[in-house]
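Chains as they are written, first to last, in the numbering used here: chain F, 523 to 965; chain C, 21 to 581.
Simulated from the structure, these hints should not be mistaken for laboratory data.
Just so we're clear, the structure is a prediction, and the values are computed from it rather than from any experiment.
It cannot be assumed that every hint is accurate.
To be verified - Only part of the chain C face toward chain F is listed, based on derived beta-carbon distances under 7 Å:
(1) Pro87
(2) Asp133
(3) Val173
(4) Leu295
(5) Thr296
(6) Gly302
(7) Cys306
(8) Gly466
Note that beta-carbon positions come from the ideal geometry of N, C-alpha and C, so glycine has one too.
For reference, the chains in residue letters:
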Amino acid sequence: MNSRTLWLLGAGLLCMAGAVSAVETQGLNGANPHLVHLVRPRTAPLSAMAQLGRAIFYDASLSSSGALSCASCHSPDHHYGPPNDGPVMLGGPDLSRQGARAVPSLTYLERTPNFSIGPEQSDDDNIVPAAQMAALGQQTARAKKTATGTAASAANIVPQGGLFWDGRADTLQDQALFPLLDSREMDGGSAERVANKLRHAPYAERFTGLFGVGVLNDTRLLVAEAMFAVARYQFEDASFHPYTSKFDYWLEGKARLSESEMRGLQLFNDPDKANCGGCHLSSPTRDGLPPLFTDHQYEALGAPRNAALAQNRDPTFFDLGACGPQRKDIADQTQYCGMFVTPTLRNTATRHAFFHNGVFHSLQEVLDFYNFRDTNPEKVFPHAADGSVKKYDDLPAKYHANVDVSDSPFDRHPGETPAMTAQDEADIIAFLNTLTDGYRPEN
Amino acid sequence: MKTKFLSTVASSVVAAALASSTAAFAADYANPNKLKTATPIKHIVVIFNENRSFDHYFATYPNAANPAGEIPFVAKRHTPTAANLATAKLLTNNPNDTDTANGTGATNPFRLDRTQANTASQNHAYTPEQEAYDNGKMDLFPKFTGHGTAGGVGAFGTSGQVMGYFDGNTVTAMWNYAQNFAMNDNNYTDSFGPSTPGAIAVVSGQNNGAVNIVGTSTQTVNDTQGGLTLIGDTDPGYDSCSSTTSTVQMQGKNIGDLLNAAEIPWGGFMGGFDLTRTNLNGTTNCQRSTFSSVVGAGTADYIPHHAWFQYYKSTSNPTHARPSSLQAVGHTLERNGETLDPANHQYDLEDLYGAILAGNFPAVSYVKMSAYQDGHAGYSDPLDEQEGTVQLINFLQQQPDWDKTLVIITYDDSDGWYDHLYVKPTWASYDATADQVNGPGQCGTGVATQVQPNGLKGEPVNGRCGPGTRVPFVVISPFAKPNYISSKRITQSSVVRFIEDNWLDGKRIGGGSLDASSGLITDMLDFTQRPNDKLFLDPTAGTVVVSVPEGHHEGRHEDRH
């Protein structure tokens, strides 16, 4: 690295609650002066269960087309995310049906909490029902989400956790079944059809070894165990949570950030600038768990409608996330309509489809949305025939009030200065690129 | 009772430790090793874990599936047969599979793999457990107790999951303890229901006499004598960490009161109890929490509704005050013999380790692990449970007083996990809504032929339907009959009874406590046998190890601040 006399030292503040904030200067050549010992998941040879899960994960015969396995859309060469540029993947019997939403990455799900409204209730003997929590949430004030004070917002009584964009599955086992049976995706047909395929698969014997002789005769149990095996593969195999990004190594003192990357980190965690760290947590936990770059909470950001999705040709169709249509159990909690979960930003720089509807194709477009949504909405939303801006056009008017306008940078108004300059955006993108796994630290 | 003493194991280490342990006692503090006891046992440690039924842990004992790639469990020769699913031939053609009332949950028992240690928790309330029992047919578990919460993101869950069981490839330590020491396959909770009634039972044998302190608990029944019986979970009144909307206290006595009257050193030791401590992850106070890599999530260490003695004014430490010193642990007064020690016998689990290392090993210790290690499905799991339990037992076996120690591992409730062994109610109850085991409003043969057990005031009360669910009971001690399974009926209050028989000349709590009528655990003990060798296990694998593992304080990551 070129030595420079002035480098930003704000990273040193990472060891305090919150994140890199104030700008200090000191000559350290882009190194992290406050090293962190990161605790990564233990790696061990895959258990028999996980090996079975791997076989199933790659088994395309489970799809009606015979061409799609889990790995087709969750590509191992693309950080278990989509392998192409489309907003959604194509599936179904002849690979022509669009999926409903952009494919999430399967990386970094191993610490996802169960879906809940408000912080998870750890002891389950007397559970407060979701509807009750939701009602409580409407009466309780919410702490603002700022990158330097994430502890406060962690207690907000808002939806959090769960898998998929809408949190409708709590476990990886439950999640795996949805794409398998979805007629737009692997189109597995039914549990019975899937079970029959499993019974005749080359790995069928492994079920009885693990679960006993009765398992092959019990369709429900067989499918559940198969999905668990897939989940177990994801849980155990290090490639799903390697924590080998340049940023991880920087935290540990094994890499240096460039000037641009360091500026990007600063901006990421500056509450008056991008404030990404308010939701995309960037600090390791006190006991050394690497940052996940999400607090798992839900937000309605009002992203533009994606005309490339066939389902959007129907002007009355709206994908409302937590309140439907895929998730059905909290449809009456209309204060959550338009809310989707905050995804991890790890490996996001390798994606080409961003947000639940894949409306953005590059990080530049994403950052422009954050930057201009409120100060210059004409830059990020479509225009009506009369020239007016169709702000929040992917959300019915009655739910526009659900959109976040209180957490920076969403608290600005038309005509105000945007939070980021073009250089700021470029620096943040440079920083986001340090979150991609597979970085090789120099020794 | 026999009072033969074993000759102490001669060793310079032990002698030196004994010398230092006597020095650790203040002039007027009782030394447990010198107390008069009915048996040679001078120290009992009750490790009170969470939420597992007998068949759920021992269904195929001592035979494990031993799939490829897993550490095989090999049974010792001459292991006696347990009253489990294998022996009862209920692994197939099980009534929970054939009874269509179970709907899509109908299933035979099935093996849970070690990789499935993290599962959802089942429904383990007083009434659904009775309904699952279906008047002895034991065939409606999926229908009534089979509704679980999710567990961690990597958890296994399926309808009918309540029929799942672990074997020695997962609960390896438990099986190894059973092989080398003794266990009972006829042990039950005193009554149906979840954690708090179980906690109350194991210290008092009486869950009648609850009073609301804050709010109105939904977990009591009208006992028909003007009072309340606690049949479910509610936090203890006045405890700093308790719910702010609903708490209760119990008005009867517990074993701690009897031990106090006799000045016998004792304590309750719970993970997370010390609110002044800060965990490695920065959490402190009532929010102390620990991350479990098995579950993939953290959970709060201290759970108020598991805190046995906090329900009783006389034995509680509502503010979690710290003891005045390690020497004071177990004692009512400070060393000066005048001031009440602030902790009032309720301590952090770390205090048990600390006190023992300082030469102060109480006579009676009740232990609850930090929640992530307490074994409760959902937020904990058998592997974390094993780690905490094995670490403690390895530690205790290294102490000079091991030769006079009895460790009990048992459970507060079954979580609603399937168990096949029905027992007709010994203790009846006839609450129209809550009691269902023998029919609507019926636990027992009817008021005319089977009156309910007495409550605190000496009159029959509802809410004590029992015995409840069958849960494991393992004893580890030099005196435990090795590789022995006792079938003498015992329940949670049998622990109370043993303490009373051993230290208190059989004094009873009274007030309708079941201590007087519960079974004896002594069938599992032999005070004349050659003392058992120590058994050290690897805390992670549960397997037998030859060399003594690293001591507790080096191994516990929580300690590294």
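So which of those numbered hints doesn't the model satisfy? 4, 5, 7, 8
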